[in-house]
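**Q** Once you've looked at the hints, dock chain B against the given chain A.
For the protein sequence lines, the chains are A and B, in the order given. In terms of the working numbering, the first sequence opens at residue 1 and continues consecutively. In terms of the working numbering, the second sequence opens at residue 1 and continues consecutively.
What the hints contain is simulated information worked out from the structure, not anything from laboratory work. Nothing here was measured: the structure is a model prediction, and the numbers come from that model. One should not assume that every hint holds.
To be verified - FRET-style restraints, in silico, Cβ to Cβ:
#, chain 1, residue 1, chain 2, residue 2, range
1, A, ALA177, B, GLY243, 54 to 60 Å
2, B, MET44, A, GLU168, 23 to 29 Å
3, A, ARG187, B, GLY58, 49 to 55 Å
4, A, GLU168, B, GLY245, 41 to 47 Å
5, A, ALA96, B, ASP234, 19 to 25 Å
6, B, GLN76, A, ILE26, 53 to 59 Å
7, A, GLY164, B, VAL50, 47 to 53 Å
8, A, LEU68, B, ASN257, 54 to 60 Å
9, B, ARG247, A, TYR245, 33 to 39 Å
What the hints assert, rightly or not - Chain B is faced by these chain A residues, among others (derived, beta-carbon under 7 Å):
#, residue
10, ALA59
11, PRO127
12, VAL129
13, ALA250
Ideal placement from N, C-alpha and C gives every residue a C-beta, glycine not left out.
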Amino acid sequence: MAEAGAAPRRAARPAWLTAPVILGLIVVSFWIAAALSADLWGLADPLRMVARRLQPPSAEHWLGTDALGRDVLSRTLHGARFSLLIAVVVVGVAVALGSLLGALAGFLGGWVETGVMRLVDVVLAFPPVLLAMAVAATLGPGLENAAVALIAVWWPVYARLMRGQVLEVRTREHVEAAVACGVRPARLLWKHILSLCWTPVLINATMDVGQVILLAAALSFIGLGATPPTPEWGAMISAGATQFYSWWIAFGPGMAILTIVLGFNFLGDGLRDVLDARSER
Amino acid sequence: MIGYILRRLLAMPLLLLGVATAAFFLSQVTKADPLSAVVGERQMNNPEIVAAAKARWGLDRSVPERYVIYVVNLAQGDFGTSFRTRRPVAEDIAARLPATLELVLFAMLFGVTSGVALGVAAAHWRDSWIDHAARLFALIGSSMPVFWTGLILLYVLSVALGWLPGPGRMDARAAFEPGPTGFHTVDAVLAGDWRRLGMALSHLVLPAFVLGWAVTGIISRLVRGSMLDVLEQDYVRTARAKGAGERRVLFGHALRNAMIPTLTIIGHSFAYLITGAVLTETIFAWPGIGSYAVDSARTLDHPAIIGVTLVGAAAFLLSNLATDIAYAVFNPRIEYGGGRG
Numbered sequence: 001m002a003e004a005g006a007a008p009r010r011a012a013r014p015a016w017l018t019a020p021v022i023l024g025l026i027v028v029s030f031w032i033a034a035a036l037s038a039d040l041w042g043l044a045d046p047l048r049m050v051a052r053r054l055q056p057p058s059a060e061h062w063l064g065t066d067a068l069g070r071d072v073l074s075r076t077l078h079g080a081r082f083s084l085l086i087a088v089v090v091v092g093v094a095v096a097l098g099s100l101l102g103a104l105a106g107f108l109g110g111w112v113e114t115g116v117m118r119l120v121d122v123v124l125a126f127p128p129v130l131l132a133m134a135v136a137a138t139l140g141p142g143l144e145n146a147a148v149a150l151i152a153v154w155w156p157v158y159a160r161l162m163r164g165q166v167l168e169v170r171t172r173e174h175v176e177a178a179v180a181c182g183v184r185p186a187r188l189l190w191k192h193i194l195s196l197c198w199t200p201v202l203i204n205a206t207m208d209v210g211q212v213i214l215l216a217a218a219l220s221f222i223g224l225g226a227t228p229p230t231p232e233w234g235a236m237i238s239a240g241a242t243q244f245y246s247w248w249i250a251f252g253p254g255m256a257i258l259t260i261v262l263g264f265n266f267l268g269d270g271l272r273d274v275l276d277a278r279s280e281r
Numbered sequence: 001m002i003g004y005i006l007r008r009l010l011a012m013p014l015l016l017l018g019v020a021t022a023a024f025f026l027s028q029v030t031k032a033d034p035l036s037a038v039v040g041e042r043q044m045n046n047p048e049i050v051a052a053a054k055a056r057w058g059l060d061r062s063v064p065e066r067y068v069i070y071v072v073n074l075a076q077g078d079f080g081t082s083f084r085t086r087r088p089v090a091e092d093i094a095a096r097l098p099a100t101l102e103l104v105l106f107a108m109l110f111g112v113t114s115g116v117a118l119g120v121a122a123a124h125w126r127d128s129w130i131d132h133a134a135r136l137f138a139l140i141g142s143s144m145p146v147f148w149t150g151l152i153l154l155y156v157l158s159v160a161l162g163w164l165p166g167p168g169r170m171d172a173r174a175a176f177e178p179g180p181t182g183f184h185t186v187d188a189v190l191a192g193d194w195r196r197l198g199m200a201l202s203h204l205v206l207p208a209f210v211l212g213w214a215v216t217g218i219i220s221r222l223v224r225g226s227m228l229d230v231l232e233q234d235y236v237r238t239a240r241a242k243g244a245g246e247r248r249v250l251f252g253h254a255l256r257n258a259m260i261p262t263l264t265i266i267g268h269s270f271a272y273l274i275t276g277a278v279l280t281e282t283i284f285a286w287p288g289i290g291s292y293a294v295d296s297a298r299t300l301d302h303p304a305i306i307g308v309t310l311v312g313a314a315a316f317l318l319s320n321l322a323t324d325i326a327y328a329v330f331n332p333r334i335e336y337g338g339g340r341g
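Chain A extracted, bound-state conformation (with noise of 0.2 Å):
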């Protein structure tokens, strides 16, 4: 970080670009340029055999083989993928259903709220894990299914944020300016109301694509997410678990989970203490 002293240097940097945001950026652009690039770097295939089984780490395969002889290196960069795609499609369908929602709740008031917010605390009744794995039981495996179950955990967190939001931002002068000037019902919640509403969305987005990767793993891990050809890393980790004494099975893609999650927290984290005054320290 910068020192106190560099004054004239300070508009060089936005506020919000901190240290623990840079450090966040850094690492998520890392595991989205090994999504985007893994197959350019000539690895082996992840999906096919390609050296003798449960090989320890070696020149060759940096991260040994697991036990169908396949590359763990290349297994963990191919895993980028359906990690970051589980986590952007869950948060931003959870975002889009729960804003929409909530909007309309805290917007219309009357039985639409009443019914949204009871549905509301009973999703939230549930442990988050017990729920999704319940809810992805039912489905049966799969990633799209796994998928489907964290959005249903999820909706509700932004549901209740985004109402509470609505119902402080419509009491403001400027709204009722506007509904004094006949702005009619539509444009109003969308212009006037909902785009002062996304700051705390936005941040509560970020972090919790980190928690999100890690839940998705975690159901994979379990067996109801990704089936097994595919290189992902709570499914390799689940592989790794029964291979005990050849830990490198599962030391890639566990070092990947815990790297990708702690980076999107670092940037939640440093996001929040910036934008939210309150917890300004």
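**A** Relative to the frame of chain A, chain B by itself:
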């Protein structure tokens, strides 16, 4: 405040009914055919046997009828029969509950003590390397997949170094009379069996550490924040001006007030512990409800997984209720009611 507590208490049955309805909905949309679980594959072509099984398990009734029966059964603690163990789910859960509670309690103990210690240290040496290290430790705690950390620590500390025993609640060959509480540590103390207590504790160390780490992070962040708030206040300055030692200021004056917001988080972190216990138990072959849930989910044993989920939701709701009430009682500045929701 009494009105608030009453309203929260009255909302509980309604919430539980909502939870039960959600569970019933899940059991209706599942692809797992309950018939194939009770009728053998060969008998599925025999209409008589199928009809008898349907009548026996109530599958011939209408959906609303089944819903009412389901809710009434739940209210009486009947969660149905596990497809996998062929025993009542409630019995399975009751038999495994002490193992989970013991693990969660020790994890909570570790998480709270280490979290408070780290939080106080981070606030005292604010912006120093200690503060940064505490933040990193906390963030790692909430970023790591427990099912992997458990695996790695088990490999290093148990297999490679041999400092700690392997998975399980007790050594594989140890046979002890089951005690009255089901908590191995408490039963050992009651029986005055110190070897047994040592064994139980040595088996608890690793899973409790892995599970409690996430809680450490949450609590240390909060304690640090509220300590920094409190340390700026006049009465702390007064205490310092009167010549109170730094230790007395930190622990006697500041921490006591900083603990009020922390209380809530300790209650809410119960949710993290339930979540983590599910995965930690799998890695450590811990015979609790977490590993039961995972085994049930793996075999698509629907009644069992729903039963665990319902018990988890009830525990979750009760702990949140208790926490909120405790918070209302301890913090007179908070006023409830009036506002919506």
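**Q** For a quick check of understanding: which of the numbered hints are violated here, in increasing order?
**A** As far as the earlier hints go, 2, 5, 9 and 10 are violated by this structure, in ascending order.
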